[in-house]
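Protein chains: 2
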Amino acid sequence: MKFEINAKDPKSRARAGELNTDHGTIQTPIFMPVGTAGTVKAVHTRELKEDIKAQIILGNTYHLYLRPGLEILQQAGGLHKFNGWDKPILTDSGGYQVFSLSGTRKIKEEGVTFKSHIDGSKHLFTPENVMDTQRKIGADIIMAFDECTPYPCDFKYARESMEMTHRWLQRCIDRVDSTDPLYGYNQELFPIVQGSTYKDLRMQSAEVIASKNRAGNAIGGLSVGEPAEKMYEMTEIVTNILPEEKPRYLMGVGTPANILESIALGVDMLDCVMPTRNARNGMLFTSEGIINIKNEKWKDDFSPIDPAIGGYVSTFYSKAYLRHLVRSQEILAAQIASIHNLTFYLWLVKEAREKIISGEFASWKNIMVEKVSRRL
Amino acid sequence: MKFEINAKDPKSRARAGELNTDHGTIQTPIFMPVGTAGTVKAVHTRELKEDIKAQIILGNTYHLYLRPGLEILQQAGGLHKFNGWDKPILTDSGGYQVFSLSGTRKIKEEGVTFKSHIDGSKHLFTPENVMDTQRKIGADIIMAFDECTPYPCDFKYARESMEMTHRWLQRCIDRVDSTDPLYGYNQELFPIVQGSTYKDLRMQSAEVIASKNRAGNAIGGLSVGEPAEKMYEMTEIVTNILPEEKPRYLMGVGTPANILESIALGVDMLDCVMPTRNARNGMLFTSEGIINIKNEKWKDDFSPIDPAIGGYVSTFYSKAYLRHLVRSQEILAAQIASIHNLTFYLWLVKEAREKIISGEFASWKNIMVEKVSRRL
Chain A
1 MKFEINAKDP KSRARAGELN TDHGTIQTPI FMPVGTAGTV KAVHTRELKE
51 DIKAQIILGN TYHLYLRPGL EILQQAGGLH KFNGWDKPIL TDSGGYQVFS
101 LSGTRKIKEE GVTFKSHIDG SKHLFTPENV MDTQRKIGAD IIMAFDECTP
151 YPCDFKYARE SMEMTHRWLQ RCIDRVDSTD PLYGYNQELF PIVQGSTYKD
201 LRMQSAEVIA SKNRAGNAIG GLSVGEPAEK MYEMTEIVTN ILPEEKPRYL
251 MGVGTPANIL ESIALGVDML DCVMPTRNAR NGMLFTSEGI INIKNEKWKD
301 DFSPIDPAIG GYVSTFYSKA YLRHLVRSQE ILAAQIASIH NLTFYLWLVK
351 EAREKIISGE FASWKNIMVE KVSRRL
Chain B
1 MKFEINAKDP KSRARAGELN TDHGTIQTPI FMPVGTAGTV KAVHTRELKE
51 DIKAQIILGN TYHLYLRPGL EILQQAGGLH KFNGWDKPIL TDSGGYQVFS
101 LSGTRKIKEE GVTFKSHIDG SKHLFTPENV MDTQRKIGAD IIMAFDECTP
151 YPCDFKYARE SMEMTHRWLQ RCIDRVDSTD PLYGYNQELF PIVQGSTYKD
201 LRMQSAEVIA SKNRAGNAIG GLSVGEPAEK MYEMTEIVTN ILPEEKPRYL
251 MGVGTPANIL ESIALGVDML DCVMPTRNAR NGMLFTSEGI INIKNEKWKD
301 DFSPIDPAIG GYVSTFYSKA YLRHLVRSQE ILAAQIASIH NLTFYLWLVK
351 EAREKIISGE FASWKNIMVE KVSRRL
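Line by line, the protein sequences are chains A and B. So the first sequence is numbered by full-length UniProt numbering: it starts at 1 and just counts up by one. So the second sequence is numbered by full-length UniProt numbering: it starts at 1 and just counts up by one.
Since the hints were derived computationally from the structure, they do not count as laboratory data. Please note: incorrect hints may appear among the correct ones.
Because identical chains cannot be distinguished in the list, a pair is counted as satisfied if it fits within a single copy or across any two copies.
What the hints assert, rightly or not - Straight-line C-alpha distance at most 30 Å; calculated BS3-like pairs for lysine-lysine:
hint, residue 1, residue 2
1, Lys136, Lys299
2, Lys294, Lys41
3, Lys350, Lys87
4, Lys53, Lys156
5, Lys108, Lys87
6, Lys2, Lys156
Let the hints inform the model, and build the full structure from the sequences given.
Here is the structure:
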């Protein structure tokens with residue numbers, strides 16, 4: 001998995017790059033739509049590719065492991081074959097969902113035991129079996145098994161958790177390096193920096209992660225409730241240490257403004273459920289600002305949702321029509337809003353990339369952050 | 001609105017025709033997807049046109065009148081402009097929904113008073129204002145305001161109701177003929193035959209409706225719980241009387257087998273919520289038979305849903321993947337199943353048309369009725 005840097009912004013740490021995978025090249029900075037259970041909610045595979053122009057999507061190991069289960073996924077020949085998405089897939093380690101969705105869970109050095117939120121059945125995730133699981137799902141990029149600490153988190157817990165995450169990482173590496181890809185294409189492991197909101201822990205963790213010399217590196221444990229300033233501060237500390245020549249993935253981030261600010265700090269890859277989850281609640285991100293489409297003011301606005309970003313959905317349907325669908329609780333409302341929001345997110349990172357290449361990113365970013373954050 | 005008959009099947013009453021509207025030509029026999037609240041549920045306008053290859057869709061006057069309301073629809077320039085569907089639209093009269101959805105309703109000679117199922121507000125539908133409403137919605141084909149009798153229905157009620165429907169029809173005609181189209185294209189009224197399951201009432205009603213000499217004629221009050229044989233018997237009686245040279249629309253029908261049998265009796269147009277409603281419950285109609293996709297047997301069937309009928313959804317997604325989506329209660333499940341079922345219905349009537357033209361309809365129909373009715 002080769003990463004090439006095409007351009008660096010002169011006035012920020014932003015860079016434009018290309019990450020080559022066996023399922024094609026990803027142009028960075030990139031936003032990765034979240035496909036929890038093998039589907040980006042309310043979006044067809046074709047729409048993801050042709051309308052949204054996604055280049056890589058996420059799968060959630062926790063969800064896919066429980067349903068449809070590894071047996072079905074292996075019989076299908078992996079997730080790409082199962083859902084028809086033939087571009088790169090990144091899977092998380094399942095750790096985050098085990099902590100957030102599973103009612104009862106026990107963290108031990110060996111791993112985490114938890115109960116399924118679907119049927120209450122008991123399961124054990126270890127660094128080793130989570131590597132095997134992600135191989136079976138068929139991810140191009142496999143995430144290390146870590147503990148994502150909550151916010152706030154006391155220093156002692158954050159330090160001990162980080163140290164365990166580092167020990168788990170070595171077990172992940174040992175497992176991945178002693179096993180083979182399952183479906184004929186390369187599967188690369190990305191380790192994850194933890195350390196909560198503690199500067200020294202973040203530095204320490206970034207050093208450890210950098211020393212492992214993997215194909216890419218991730219920053220976890222942010223966007224979990226801390227103030228945005230804290231998140232940027234931690235991200236900057238970490239991107240200063242993580243190697244320049246490897247892609248950097250900031251996990252679970254965020255709003256359009258968060259994304260632009262993180263790119264300015266040297267982040268190359270991001271993911272978040274926000275564009276799809278908020279879409280299902282009638283919240284639209286547009287190139288002009290944020291729209292709550294349920295508001296009365298849109299009832300007779302027959303202009304397209306966001307003509308500036310292009311794409312079928314954003315140029316074809318009017319705000320008034322979408323508002324009507326949302327109020328009528330029509331499924332199509334979720335479809336249109338999800339496709340629109342993802343189209344906007346992908347448009348935004350593409351614009352960012354172009355501005356990095358043309359050397360105008362920093363000033364453009366400051367204007368855009370204000371624009372995309374305002375409420376219309 | 002000109003109707004041309006291209007071919008007649010030598011061994012049945014089936015015919016292939018073309019109905020010319022100001023929004024394009026409809027090739028008959030045709031199935032019309034139901035777009036209740038201005039959207040065919042879970043289906044994008046583009047998919048309706050390019051994947052499903054729908055030629056005309058329905059809108060429900062009751063739903064559209066209540067939400068978004070006539071003011072918004074008129075400001076939009078009619079339903080075509082509002083939802084982006086630029087082919088023909090037929091609207092029902094709202095009568096059926098007033099009777100089935102509205103809690104309290106009172107039928108009088110003047111019209112029907114009812115309470116909205118959304119907010120309990122009180123409304124009055126009359127033959128006259130329902131014509132105005134359909135003009136405002138912007139239908140190419142406007143349906144007469146009638147009473148759809150339930151099944152079973154005693155003879156006296158059926159007769160009196162039919163007689164009122166005939167009186168209402170004259171009021172509809174007077175109103176339509178004394179008002180102009182609102183959006184620059186022709187809007188034609190179709191009267192509706194009633195008479196429950198009584199042969200003499202059906203004959204009487206068909207004679208009255210035929211005598212009005214409108215651009216097309218409809219058969220209502222069937223597919224409301226009566227045995228299929230009774231429905232075919234009534235349909236046959238009526239199609240024997242309704243003029244040959246006008247399109248015949250059998251309302252609210254039905255299963256794939258019902259559709260083929262009705263075509264054989266001389267029906268040209270049909271609509272039903274079944275393909276979309278059943279899709280949302282995991283029931284698929286295919287060229288090989290009926291599939292309950294929730295069944296265990298499909299869990300590792302990685303073959304496409306129905307490659308024989310063509311189209312993106314039916315050839316791209318596997319049965320196992322769709323089953324997974326249904327079990328995971330993913331919105332995409334409703335989308336895939338709805339598009340598939342509608343693609344199948346449109347494929348079926350297109351096949352029927354081709355068989356009528358090639359003179360093989362009757363024998364093909366008998367084989368297909370068995371095939372599409374079996375449970376896989």
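Cross-check of the supplied hints:
For the homomeric pair Lys136 and Lys299, the shortest alpha-carbon distance between copies (17 Å) is at most 30 Å, but the shortest distance inside one copy (48 Å) is not. Proximity of Lys294 and Lys41 under a CA criterion of 30 Å is satisfied in both settings, with 20 Å inside one chain copy and 19 Å between copies. For the homomeric pair Lys350 and Lys87, the shortest alpha-carbon distance inside one copy (17 Å) is at most 30 Å, but the shortest distance between copies (35 Å) is not. Taking the closest pair of Cα atoms, Lys53 and Lys156 never come within 30 Å of each other, the shortest separation being 44 Å inside a single copy and 63 Å across copies.
For a Cα distance limit of 30 Å, the shortest separation of Lys108 from Lys87 qualifies neither inside one copy, at 36 Å, nor across copies, at 63 Å. For the homomeric pair Lys2 and Lys156, neither the shortest alpha-carbon distance inside one copy (38 Å) nor that between copies (82 Å) is at most 30 Å.
Checked against the numbered hints given earlier, the structure breaks hints 4, 5 and 6 and satisfies all the rest.
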